[in-house]
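Based on the provided sequences and hints, a complete structural model is requested.
2 protein chains.
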Amino acid sequence: MDALRNRLNRITHLNQAAAVLEWDQETYMPEGGAEARSLQVATLRSLAHELLVDDETSRLLESAQPESDIDGDVIRVTRKDIEKAVRVPSSLIAEMAAASGRAKGAWQKARANDDFPVFAPHLEHIVDLCIQHAEALGYEDQPYDALLDQYEEGATTAQVAAVFSELREDLVPFVKELTSSGMLCEGPVHREFPEEDQWRFGLDMAKSMGYDLNHGRQDRSAHPFSTSFSISDVRITTRLEKRFFNPAFFGTLHEAGHAMYEQGIDPALEGTPLADGTSLGMHESQSRMWENLVGRSLPFWEYAFPSAQKTFPDALGNVNLEQFYRAINTVVPSTIRVEADEVTYNLHIMLRFELEQEMIAGRVAIKDLPEAWNDRMASWLGIRPDNNTEGVLQDIHWSLGAIGYFPTYALGNLMSVQLFNAAQTDIPDLHDQFRRGEFSHLLSWLRTNVHHWGRRKTAGDILQEVTGSGLKSGPWMAYARSKFGVLHG
Amino acid sequence: MDALRNRLNRITHLNQAAAVLEWDQETYMPEGGAEARSLQVATLRSLAHELLVDDETSRLLESAQPESDIDGDVIRVTRKDIEKAVRVPSSLIAEMAAASGRAKGAWQKARANDDFPVFAPHLEHIVDLCIQHAEALGYEDQPYDALLDQYEEGATTAQVAAVFSELREDLVPFVKELTSSGMLCEGPVHREFPEEDQWRFGLDMAKSMGYDLNHGRQDRSAHPFSTSFSISDVRITTRLEKRFFNPAFFGTLHEAGHAMYEQGIDPALEGTPLADGTSLGMHESQSRMWENLVGRSLPFWEYAFPSAQKTFPDALGNVNLEQFYRAINTVVPSTIRVEADEVTYNLHIMLRFELEQEMIAGRVAIKDLPEAWNDRMASWLGIRPDNNTEGVLQDIHWSLGAIGYFPTYALGNLMSVQLFNAAQTDIPDLHDQFRRGEFSHLLSWLRTNVHHWGRRKTAGDILQEVTGSGLKSGPWMAYARSKFGVLHG
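These protein sequence lines are chains F and S, in that order. First residue of the first sequence: 405, per our numbering; consecutive thereafter. First residue of the second sequence: 405, per our numbering; consecutive thereafter.
Hint data in this document are derived by calculation from the structure and do not stem from the laboratory. Heads up, some of the hints might be wrong.
Which copy is meant is left open, because identical chains are indistinguishable; a pair holds if it fits in one copy or across any two.
What the hints assert, rightly or not - Okay, derived cross-link-like pairs now, DMTMM-like style, lysine to aspartate or glutamate, Cα gap no bigger than 25 Å in a straight line: (1) K611 <-> E430; (2) K611 <-> D428; (3) K611 <-> E439; (4) K611 <-> E435; (5) K771 <-> E674; (6) K646 <-> E600; (7) K876 <-> D475; (8) K887 <-> E528; (9) K484 <-> E499.
Bear in mind that the values here come from a model prediction, so they are computed numbers and not experimental data.
Here it is in structure tokens:
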């Protein structure tokens, strides 16, 4: 067991080092360092992969004598990781890396010139490689299952499609109702918020929620993210807009939510493949919980608003709590996913989920993708993008080969409410605690029920054990109706 | 050759990644991340070492068909690296790592309480391990040769001792003369220099000397250093003192000098063991040249002083060029090496060099080290430390096991003048160029004669080829007499 752990430590250290290099690339690296950096990261990732699939690792797995439940889980999860890793030929991985390198460049060019045909042949190639990838991984029902499983272990296309379609039936008319009410004004969040004050206020609030800055820090980057270098060093980044309160503040809470998950993993799992979030959906449930269910709630702002007013006297001095609460919860259909509000966001995801399935199944030709995108936007959200840069070209994911990733964003939203409801059952005065600026009970509840398990339990298992049921759309829809129904009169 | 290069690339990438992790540790890492970080770095360094000494690397070296002079040098230098690496048993390396971990803690404690006996047993152990290390590496004349050779390949104790002792005979009386002249006043550099302005001014000047910020950047750290992540990403750090101009400004030039060396290495050497400075002494010659021979010269300040006055109107508004030039060139014996001026600095080094030899040869008992230190300080510099914290406990090097490292600082000083004189022969109007803020000719000269070779030539070879002679103390002494003789009337 010791020999196995030593080997897994090495693999973990290589991946952690790669994460540090990638973090530096997005935060501090001088432009000229990019080429060498991508070679360094590739070497670290390759070495980690080679060590994992090496016969010696399998031999150690065979002969290891587990001495605890954790040891048993380490062996079980590592075996599964190896099984998946060996199925995909390294030639395919290399081809995907090369193809996505080219596709990313083409995507940037296509976006800059609103020129989808520049990107189309690259996307065709990526889709083809993803199908090969799915075939290599194997699946029971359909190829998309294999792609989805990479990000959300155990979830199936059919299951997700069923939940999403149930949700959509309620959501599309609900969005129409909300947007016709005309009750909201987001003016207060579009005033002048000095950048240093935004930085400090966001980080103070993340800290008061439980993000541990002795084991984390925040830096700036073009696209906010969180990243873990070990359970004891989990960092976040943010971006600042001078005249828009939301991106930095809710971005910070969102990334801090991800980071608190990683900080809460059982230290006994450090150095093993178990010291990670169990799925992207579960990860997103944590970020969305702190961003939306806490950070966009009225009880939270009953606590935080006086401090926000003090921090931003020019912007918020003549705004009251209710106006502010309405401003941060305005529902307005927009074409851009990353700017979408809490309610319409899920529709952006479902659109991508459907198109991904159709691409993989060959039911839509790549050349027809812009039209398919725009038609669905019009039918579900009531708006049509003016161009492809604001439509089908807006996200980087497909150019990276990450097909099957998008649905996890909406799965996270749904799970966040299911989990929050369970927490509220266990801690009935949760909202009163928020009003007093107390978040430690919620955080310990999440640590016990979600975080500390790392990858020892799947997202599905956690959900079932904690909430008594699998993934459902009903709880999220009920939450949305209750919160936004009131807000929109 | 391709297969060999691929393997060397991997080794290089692992070491470069370790450098990124170490840089982060000194600049941005949250405190709580330290333990995991040291494990990550250890894994990367071990993997690099294992790949280097692995039989497969030797097999590739045997069968590689060099197609160029560079290929030939890659094979030659890699062979030599392996020969040295395999001589030292990994148990000894591990023991040194463990011992220096403990010694560093004891050193910090001893320093804090001026309690040398707390550190003494650890130092004894370190010295013992260094002797074992020297025996493993092998030497012709004496064990200290092997230690010195790790940092300054090809240099011998006897050769360095001869040059140092010649230098000391002139230097000790010269320092006495200078310090009795009482001609200098360093007041102007001890005024208030706003930190952001220091930052900008130092970096602007480093940039004008040729430090390429598209392939580098500066951050803050407690102890300034430069580090290379590839030829295309070479960074520096600095520290700022509000009421002292010198640490940040000359520290920035010093580190930028190191960094320009690494930025100037032939890109064809990237990914091989040749893409590094050829010795610590040669490295230090570059940092000292830009810090002292350029940065503390009168011609440089004829160019830079107006801009300094504009940047720091409060501190320098009523100071003239000559007063400022005298202030930055004040010679005052002090007990602390890192605060020493250009002239007395070498005596601090020689003291350490002698004591290191005596420790390794067993000619001084560790318990008598403080007395030996203080006596020599009194005899050479005319001052006696008040306590051991300002005496024998001031440097971290010995606790890290880095015996043989110190002499390279003074070697760098000597080489810097030998090289600068050669540059001046080739570019007679060098000082006039400085007066106009032109540094590109000096930099290209250094690139051609020193930098671009990387480790293809040893420091000794470069010195011989470029200056027509080996290491000598005369040129440095002549430089010091001419510069400081004038300054001190």
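Right, here's what the structure says about each hint:
Proximity of K611 and E430 under a CA criterion of 25 Å is satisfied in both settings, with 23 Å inside one chain copy and 23 Å between copies. Taking the shortest Cα distances, K611 and D428 sit within 25 Å of each other both inside one copy (23 Å) and across copies (22 Å). Taking CA atoms no more than 25 Å apart as the test, K611 paired with E439 passes between copies only; the shortest distance there is 22 Å, against 36 Å inside one copy. Within a single copy, K611 and E435 get their C-alpha atoms only as close as 32 Å, which misses the 25 Å cut-off; across copies the closest is 16 Å, which meets it.
Neither within a single protomer nor between protomers do K771 and E674 lie at most 25 Å apart by alpha-carbon distance, with minima of 47 Å and 42 Å respectively. In this assembly of identical chains, the alpha carbons of K646 and E600 lie at most 25 Å apart whether taken from the same copy (10 Å) or from different copies (22 Å). Taking the shortest alpha-carbon separations for K876 and D475, neither the intra-copy value of 33 Å nor the inter-copy value of 63 Å comes in at or below 25 Å. Taking the shortest alpha-carbon separations for K887 and E528, neither the intra-copy value of 42 Å nor the inter-copy value of 70 Å comes in at or below 25 Å.
With identical chains, the CA atoms of K484 and E499 are at most 25 Å apart within one copy only, with a shortest distance of 24 Å there and 37 Å across copies.
Of the hints listed earlier, those the structure fails to meet are numbers 5, 7 and 8, in rising order.
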